[in-house]
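If you're matching them up, the sequences are chains A and Y in order.
Going by the UniProt record's numbering, the first residue of the first sequence is number 1, and it counts up by one from there.
Going by the UniProt record's numbering, the first residue of the second sequence is number 1, and it counts up by one from there.
Don't read these hints as lab results, they were simulated from the structure.
For each residue, glycine too, the CB sits at the ideal point set by N, CA and C.
Take these hints with a grain of salt, some might be off.
[What the hints assert, rightly or not] Label-pair ranges, simulated between beta-carbon atoms: (1) E167/A <-> I187/Y: 49 to 55 angstroms; (2) K116/Y <-> D97/A: 38 to 44 angstroms; (3) D18/A <-> S98/Y: 40 to 46 angstroms; (4) K111/A <-> G184/Y: 20 to 26 angstroms; (5) I15/A <-> H180/Y: 45 to 51 angstroms; (6) E166/A <-> G184/Y: 46 to 52 angstroms; (7) E166/A <-> D11/Y: 36 to 42 angstroms.
One letter stands for each residue in the lines below.
Protein chains: 2
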Amino acid sequence: MNTLKDRIICDGYVIGDDILKVDSFINHQVDTKLLDELGAYFASKFEGVTKILTIEASGIAFGVGVASHFGYVPLVFAKKSKSKILDEKNLYTTVVDSFTKGTTNTVSVDKRFLTKEDRCLIVDDFMAEGNAALGLIDLCNQAGTTVVGVAIVIEKGFQGGRKRVEEKGIRVESAAIVDHFEDGKPILR
Amino acid sequence: MNTLKDRIICDGYVIGDDILKVDSFINHQVDTKLLDELGAYFASKFEGVTKILTIEASGIAFGVGVASHFGYVPLVFAKKSKSKILDEKNLYTTVVDSFTKGTTNTVSVDKRFLTKEDRCLIVDDFMAEGNAALGLIDLCNQAGTTVVGVAIVIEKGFQGGRKRVEEKGIRVESAAIVDHFEDGKPILR
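Okay, chain A solo, but in the shape it has when bound:
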């Protein structure tokens, strides 16, 4: 998706060895026009979607952009809680490690919002090792919800997330794939 790729080249920057910062247009300040274009892009890639599922916080904006292009289907965002004390009888819960932040979160979705009838598209701003996507797939599996696919804004192609998700039989589409970093710059595929 060329608009995004150009933007990553212009405005993305690398911190340390492997953190790509896109905070001026994706996950702190959000370019809402780009978001809308990303929504249109992914609506052309998947069909039969009745619900969008993401994880708070930075997947939410992208989720709204995508949902609007699937005829304004509902967006569900899994909630993070460091606490293990959740009222588990009403929740589907799973554990997700964050590559970027080095943290582990219990994430949950109220059982009312994932059903056997739903056909979910899982979306997120980033995919590295695929932990968030795998956690959301796990929540869908607990609910008996069909996963139509996984839509990612920026995939870090060298961290294995795609392979782990595809091994579950789930299709992955990304708007941009970072092949590697070179001299502190992202090199895109």
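For chain A, the structure is supplied; the task is to place chain Y on it using the hints.
Relative to the frame of chain A, chain Y by itself:
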């Protein structure tokens, strides 16, 4: 805003004495069509807005809906951190108490994303005592950013938030105002 009011009456419910849950259409599962209608509603109330400012996580979806109706202006979401160890020289920070959660968060915005040239509309899904709105106003004041107003999906009219914000000379618009709770149900104005 009648669509929203009807929805609160149908699908909202009260927990304990004063927590209104709207998690089936606002802040866990999001009705993205309603979000779009809310965006159009607030675009008719304010003008001259160049940026939308909210706070993660549940303000983000509403923020996207509003931004799209102001010609896709950028959306900035302030980030929460329980840690006080932030790189403060690049951030505007303030402290916000959460009424609902009984927690205190340090929230911050990168200095690149709030400027003297910006005319910000502050948005959030709820206003109770107004702490989040006042915190975001404080961030704008630190940056010299003009605050055009505060747009709220659901205002709890009995908790004083509006008065505290208006005392700062800032206009508040809400799509629905809960006057009080009666027999476990929200009574709207």
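Next on the checklist: Output the indices of the hints that this structure fails to meet, ascending.
Outcome noted: Number 3 - this is the single hint that the structure violates.
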